[in-house]
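**Student:** Sequence:
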Amino acid sequence: MSKKWLLLFMSLITAVVLAACSDGGGNQDNQEDTKQEHSGHGNTNDENKEDESTDHGDHAGVNHSSSGEIPEGLKEAANPTYKVGSKAILTTDHMEGMKGAETTIVGAFDTTVYAVSYTPTTGGEKVTNHKWVIQEDLKDAGDTPFKAGDEVTLNVEHMEGMKGAKATIDTAEQTTIYMVDYTPTTGGERVKNHQWVTADGLQPVEGGEHAGH
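One point on numbering: in numbering that gives the first Met the number 0, the residue at position 22 of the sequence shown is 21, and numbering is uninterrupted.
By construction, these hints were calculated from the structure, which means they are not laboratory data. Owing to the predicted nature of the structure, the values given are computational and were not obtained by experimental measurement. Ideal Cβ placement from N, Cα and C applies to all residues, glycine included. Please note that a few of the clues may not be correct.
[Said to hold, decoys possible] The calculated lysine to aspartate or glutamate pairs, modelled on DMTMM-like cross-linking and capped at a C-alpha distance of 25 Å, are:
id: 1; residue 1: Lys98; residue 2: Asp149
id: 2; residue 1: Lys74; residue 2: Glu95
id: 3; residue 1: Lys74; residue 2: Glu188
id: 4; residue 1: Lys162; residue 2: Glu150
id: 5; residue 1: Lys74; residue 2: Glu205
id: 6; residue 1: Lys130; residue 2: Asp142
id: 7; residue 1: Lys125; residue 2: Asp149
id: 8; residue 1: Lys125; residue 2: Glu101
id: 9; residue 1: Lys146; residue 2: Glu71
[To be verified] Derived Cβ-Cβ restraints for the label pairs, each shown as a range:
id: 10; residue 1: Arg189; residue 2: Glu150; range: 34 to 44 Å
id: 11; residue 1: Asn192; residue 2: Gly72; range: 11 to 21 Å
id: 12; residue 1: Gly148; residue 2: Val204; range: 15 to 25 Å
id: 13; residue 1: Val204; residue 2: Thr152; range: 14 to 24 Å
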């Protein structure tokens with residue numbers, strides 16, 4: 000074989016080898032890209048699962064029902080807007096399934112009502128503007144009402160980590176507070192002796208009697 004043909008043959012072999020390497024590298028790159036793409040989707044799914052698992056809502060750990068035990072010193076309302084035994088419609092959305100539910104008034108009391116902000120004793124994020132706690136739900140409260148900005152200690156367990164927590168008064172109002180029974184609009188068991196709802200969180204059942212006159 001002449002030198003010219005030998006060089007031509009070697010050039011052809013070299014070209015074939017380079018083409019094969021190029022294809023192999025491309026395939027490898029594609030595989031790496033594919034792996035990275037799938038890995039990225041996997042991370043997204045994990046993040047979504049984490050978001051779903053940690054998104055418990057504002058009222059995780061809420062004790063919807065209570066024993067119906069009335070705090071010591073709490074006085075029954077003399078002339079409540081909604082008398083005990085009457086029906087009303089809940090307009091408040093403190094909890095899922097509450098707004099729009101028909102409720103029965105099982106207790107009406109005159110006291111000072113507070114919205115409070117606090118950090119649970121069990122840890123976690125700060126709870127802001129929790130509604131409602133009353134004068135008798137506060138530790139060593141006495142008879143003198145607190146005002147917005149005052150620091151208090153909670154002595155009630157409406158939510159997990161609430162009892163014993165230090166809280167700041169957001170709002171304070173002397174009014175009638177109600178304890179109610181209702182069946183959530185979202186279904187589930189009937190909630191009994193829920194504490195507390197104000198008159199602003201209720202509306203009359205159409206055509207029903209509600210005034211305590």
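**Student:** Taking the hints in turn, state whether each one holds.
**Tutor:** These are the hints, each one checked on the structure:
{"no.": "1", "hint": "Lys98 <-> Asp149", "in the structure": "violated, 30 Å"}
{"no.": "2", "hint": "Lys74 <-> Glu95", "in the structure": "violated, 29 Å"}
{"no.": "3", "hint": "Lys74 <-> Glu188", "in the structure": "violated, 29 Å"}
{"no.": "4", "hint": "Lys162 <-> Glu150", "in the structure": "holds, 14 Å"}
{"no.": "5", "hint": "Lys74 <-> Glu205", "in the structure": "violated, 29 Å"}
{"no.": "6", "hint": "Lys130 <-> Asp142", "in the structure": "holds, 20 Å"}
{"no.": "7", "hint": "Lys125 <-> Asp149", "in the structure": "holds, 17 Å"}
{"no.": "8", "hint": "Lys125 <-> Glu101", "in the structure": "violated, 31 Å"}
{"no.": "9", "hint": "Lys146 <-> Glu71", "in the structure": "holds, 21 Å"}
{"no.": "10", "hint": "Arg189 <-> Glu150: 34 to 44 Å", "in the structure": "holds, 37 Å"}
{"no.": "11", "hint": "Asn192 <-> Gly72: 11 to 21 Å", "in the structure": "holds, 18 Å"}
{"no.": "12", "hint": "Gly148 <-> Val204: 15 to 25 Å", "in the structure": "violated, 38 Å"}
{"no.": "13", "hint": "Val204 <-> Thr152: 14 to 24 Å", "in the structure": "violated, 38 Å"}
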